[in-house]
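**Student:** Okay, here's what each chain looks like letter by letter:
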Amino acid sequence: EAGVTQFPSHSVIEKGQTVTLRCDPISGHDNLYWYRRVMGKEIKFLLHFVKESKQDESGMPNNRFLAERTGGTYSTLKVQPAELEDSGVYFCASSPPGGGRLEQFFGPGTRLTVL
Amino acid sequence: GEDVEQSLFLSVREGDSSVINCTYTDSSSTYLYWYKQEPGAGLQLLTYIFSNMDMKQDQRLTVLLNKKDKHLSLRIADTQTGDSAIYFCAVSGGSQGNLIFGKGTKLSVKP
Chain A
27 EAGVTQFPSH
37 SVIEKGQTVT
47 LRCDPISGHD
57 NLYWYRRVMG
67 KEIKFLLHFV
77 KESKQDESGM
87 PNNRFLAERT
97 GGTYSTLKVQ
107 PAELEDSGVY
117 FCASSPPGGG
127 RLEQFFGPGT
137 RLTVL
Chain B
203 GEDVEQSLFL
213 SVREGDSSVI
223 NCTYTDSSST
233 YLYWYKQEPG
243 AGLQLLTYIF
253 SNMDMKQDQR
263 LTVLLNKKDK
273 HLSLRIADTQ
283 TGDSAIYFCA
293 VSGGSQGNLI
303 FGKGTKLSVK
313 P
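Just so you know, the protein sequences line up as chains A and B, in that order.
Under my numbering, the first residue of the first sequence is numbered 27, with each subsequent residue one higher.
Under my numbering, the first residue of the second sequence is numbered 203, with each subsequent residue one higher.
Keep in mind the hints are simulated off the structure, nothing from the lab.
Errors might be hidden in some of the hints.
Cut-off 27 Å, straight-line C-alpha distance, at most; resulting in silico cross-link-like pairs (DSS-like, lysine-lysine) [to be verified]: (1) B:269 <-> A:104; (2) A:104 <-> B:270; (3) B:308 <-> A:80; (4) A:67 <-> B:308; (5) B:238 <-> B:305; (6) B:305 <-> B:269; (7) A:41 <-> A:77; (8) B:238 <-> B:312; (9) B:272 <-> B:258; (10) B:269 <-> A:70; (11) B:305 <-> A:67; (12) B:269 <-> B:312; (13) B:258 <-> B:270; (14) A:70 <-> B:272; (15) A:104 <-> A:77; (16) A:67 <-> B:238; (17) A:104 <-> B:308; (18) B:258 <-> B:269; (19) A:41 <-> B:270; (20) A:41 <-> A:67; (21) B:258 <-> B:305; (22) B:312 <-> B:272; (23) B:312 <-> A:70; (24) B:269 <-> A:67; (25) B:312 <-> B:270; (26) A:70 <-> A:80; (27) B:308 <-> A:70.
Far from chain A, by Cβ distances over 12 Å, these chain B residues were calculated [to be verified]: (28) 206; (29) 208; (30) 239; (31) 242; (32) 246; (33) 263; (34) 282; (35) 300; (36) 311.
Positions of the beta carbon are idealized from the N, C-alpha and C atoms, including for glycine.
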């Protein structure tokens, strides 16, 4: 069974540009989470989808971040315009229906560098 | 809000035991987790413990939970070089299952 995949693995952009990160969860997993780790700090929760609905977006830092999950399959996270402080590793995780409290399966992350 | 603290580095010799410690603030956390991240890889769930337990053992891994002191530890017996990684302590956050992580402890195992 394929795991959670993320694309790209690494993105380097200039301040003010737009970047879109993609996450493909494990097939059948209704729950999809986005987290990010800024250098040297904790991995912080960004938001949680259940199918295509945003269940909790309390961790989104500001309105420069837009997450979508059309059709309840893959998800995208767009940063527009990117700022220096957005640099970090963005992780996606998924879990089966009702399984969010147990194991969340994480992808390898996308390392975003904003210059 | 919830805060999870753990030391940043730990260095041990191969064959020794490693103990990684974690403290948290929210006593209502139902599940507590240990994740492992190897270089270039995602986070892998190592083990978890329910808040009504005080110990869980799984092969070389032993998790101890002291709810009174809000202290969680992970002991790795007979540590191997392949155990070198970053270990993250995490607790269940809101009602929807989001996780709250510590900064991670980088375990270095010397031969």
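**Student:** Each of the hints needs a verdict: does it hold here or not?
**Tutor:** Status of the hints after comparison with the structure:
1. Only pairs whose Cα atoms come within 27 Å are accepted, and residue 269 (chain B) paired with residue 104 (chain A) is rejected, the gap being roughly 40 Å.
2. Restraint check: the Cα-Cα separation between residue 104 (chain A) and residue 270 (chain B) comes to about 42 Å, which exceeds 27 Å; the hinted pair is violated.
3. In summary, the hint linking residue 308 (chain B) to residue 80 (chain A) is not supported, as the alpha carbons are separated by about 33 Å, beyond the 27 Å threshold.
4. Restraint check for residue 67 (chain A) and residue 308 (chain B): satisfied, since their Cα atoms lie roughly 13 Å apart, inside the 27 Å limit.
5. Under the criterion of a C-alpha separation no larger than 27 Å, the hint pairing residue 238 (chain B) with residue 305 (chain B) is consistent with the structure, at around 12 Å.
6. Restraint check: the Cα-Cα separation between residue 305 (chain B) and residue 269 (chain B) comes to about 21 Å, which is no more than 27 Å; the hinted pair holds.
7. With a C-alpha separation of about 32 Å, the suggested pair residue 41 (chain A) and residue 77 (chain A) falls outside the 27 Å cut-off, and the hint is violated.
8. Distance restraint check for residue 238 (chain B) and residue 312 (chain B): the Cα-Cα separation of roughly 18 Å lies within the 27 Å cut-off, and the hinted pair is therefore satisfied.
9. Note on residue 272 (chain B) and residue 258 (chain B): the hinted pairing holds, with a Cα-Cα distance of about 16 Å set against a maximum of 27 Å.
10. Distance hint between residue 269 (chain B) and residue 70 (chain A) is fulfilled; the C-alpha atoms sit about 23 Å from each other, no more than 27 Å.
11. For the hint linking residue 305 (chain B) to residue 67 (chain A), the alpha-carbon distance of about 5 Å falls within 27 Å, and the restraint holds.
12. Taken as a hint, the residue 269 (chain B) and residue 312 (chain B) pair is broken in the structure, with Cα atoms around 33 Å apart against an allowance of 27 Å.
13. Restraint check for residue 258 (chain B) and residue 270 (chain B): the C-alpha separation of about 17 Å stays at or below 27 Å, so the hint holds.
14. Only pairs whose Cα atoms come within 27 Å are accepted, and residue 70 (chain A) paired with residue 272 (chain B) is accepted, the gap being roughly 20 Å.
15. Distance restraint check for residue 104 (chain A) and residue 77 (chain A): the Cα-Cα separation of roughly 18 Å lies within the 27 Å cut-off, and the hinted pair is therefore satisfied.
16. For the hint linking residue 67 (chain A) to residue 238 (chain B), the alpha-carbon distance of about 16 Å falls within 27 Å, and the restraint holds.
17. Distance restraint check for residue 104 (chain A) and residue 308 (chain B): the Cα-Cα separation of roughly 30 Å exceeds the 27 Å cut-off, and the hinted pair is therefore not satisfied.
18. Note on residue 258 (chain B) and residue 269 (chain B): the hinted pairing holds, with a Cα-Cα distance of about 14 Å set against a maximum of 27 Å.
19. Taking the CA atoms of residue 41 (chain A) and residue 270 (chain B), the gap is near 46 Å; set against the 27 Å cutoff, the hint is violated.
20. Of the pairs offered as hints, the one joining residue 41 (chain A) and residue 67 (chain A) holds, with about 21 Å between alpha carbons and a cut-off of 27 Å not exceeded.
21. As the CA atoms of residue 258 (chain B) and residue 305 (chain B) are separated by approximately 23 Å, the hinted pair is consistent with the 27 Å bound.
22. About 31 Å separates the Cα atoms of residue 312 (chain B) and residue 272 (chain B), which puts this hinted pair outside 27 Å; it is violated.
23. About 31 Å separates the Cα atoms of residue 312 (chain B) and residue 70 (chain A), which puts this hinted pair outside 27 Å; it is violated.
24. Distance check on the hinted pair: residue 269 (chain B) and residue 67 (chain A) sit about 25 Å apart at the alpha-carbon level, within 27 Å; holds.
25. The hinted pair formed by residue 312 (chain B) and residue 270 (chain B) fails the criterion: a straight-line CA distance of about 34 Å is larger than 27 Å.
26. Distance restraint check for residue 70 (chain A) and residue 80 (chain A): the Cα-Cα separation of roughly 17 Å lies within the 27 Å cut-off, and the hinted pair is therefore satisfied.
27. Proposed proximity of residue 308 (chain B) and residue 70 (chain A) is supported: the alpha carbons are some 18 Å apart, at most 27 Å.
28. Taking the minimum C-beta to C-beta distance to chain A, about 7 Å, the non-interface status of residue 206 (chain B) is violated against the 12 Å cut.
29. Listed as outside the interface, residue 208 (chain B) is inconsistent with that label: its C-beta sits roughly 10 Å from the nearest C-beta of chain A, within the 12 Å cut-off.
30. The beta carbon of residue 239 (chain B) sits about 8 Å from the closest Cβ of chain A, which is not more than 12 Å, so the claim that it is off the interface is violated.
31. For residue 242 (chain B), the shortest C-beta to C-beta distance to chain A comes to about 7 Å, within the 12 Å cut-off, and the non-interface label is violated.
32. Not every CB of chain A is more than 12 Å from the CB of residue 246 (chain B) (nearest about 7 Å), against its label as outside the interface.
33. The non-interface label for residue 263 (chain B) is consistent with chain A: the shortest C-beta to C-beta separation is roughly 15 Å, beyond 12 Å.
34. Even its closest Cβ contact with chain A, about 23 Å, leaves residue 282 (chain B) beyond 12 Å, as expected for a residue assigned away from the interface.
35. The beta carbon of residue 300 (chain B) sits about 4 Å from the closest Cβ of chain A, which is not more than 12 Å, so the claim that it is off the interface is violated.
36. For residue 311 (chain B), the requirement that its beta carbon stay farther than 12 Å from each beta carbon of chain A is met, with the minimum near 22 Å.
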